[in-house]
Amino acid sequence: MSKVFIILQANEETRSIVEAIEQDNPDAEVVHEPAMVKVQAEGHLVVRRETIEEEIGREFDMQELNINLITLSGNVDEDEDALTLTWNS
Numbered sequence: 001m002s003k004v005f006i007i008l009q010a011n012e013e014t015r016s017i018v019e020a021i022e023q024d025n026p027d028a029e030v031v032h033e034p035a036m037v038k039v040q041a042e043g044h045l046v047v048r049r050e051t052i053e054e055e056i057g058r059e060f061d062m063q064e065l066n067i068n069l070i071t072l073s074g075n076v077d078e079d080e081d082a083l084t085l086t087w088n089s
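Residue numbers (the numbering used here): 1 to 89.
Don't take each hint at face value.
[Stated by the list, open to error] Pairwise CB distance ranges (calculated):
hint, residue 1, residue 2, range
1, 73, 11, 17 to 25 Å
2, 11, 88, 28 to 36 Å
3, 57, 88, 34 to 42 Å
4, 59, 2, 32 to 40 Å
No wet-lab data here; the hints were simulated from the structure. Here a beta-carbon is modelled for each residue, glycine too, at the ideal position from N, C-alpha and C.
Let's have the full structure, built from the sequences with the hints guiding it.
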């Protein structure tokens, strides 16, 4: 199975988002680079609005991810509550 990933700019705004992604994906690997953070997992990764809101302490529109998004890999399923990346086997 191939890895899916999301890469975000490394800044104060994304720190809580990455922590939320880690909570929802305990098997994910987080790679910190000087200007970016890559979160990758085998076959499936989910980014949940509710978990991000708990981390940042305010309402969060999933479109806000695009502000700090560098790239992602996988088949994308997105709605107002979650962004899911998968590879179909």
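Each hint tested on the structure:
Taken as a hint, the range 17 to 25 Å holds for the pair residue 73 and residue 11, whose Cβ atoms sit roughly 21 Å apart. Checked against the hint of 28 to 36 Å, the pair residue 11 and residue 88 passes, with Cβ atoms roughly 33 Å apart. The supplied range of 34 to 42 Å is met by residue 57 and residue 88, whose beta-carbon atoms lie about 36 Å from each other. At roughly 34 Å, the beta carbons of residue 59 and residue 2 sit within the given window of 32 to 40 Å.
When the structure is compared with the earlier hints, no violation turns up for any of them.
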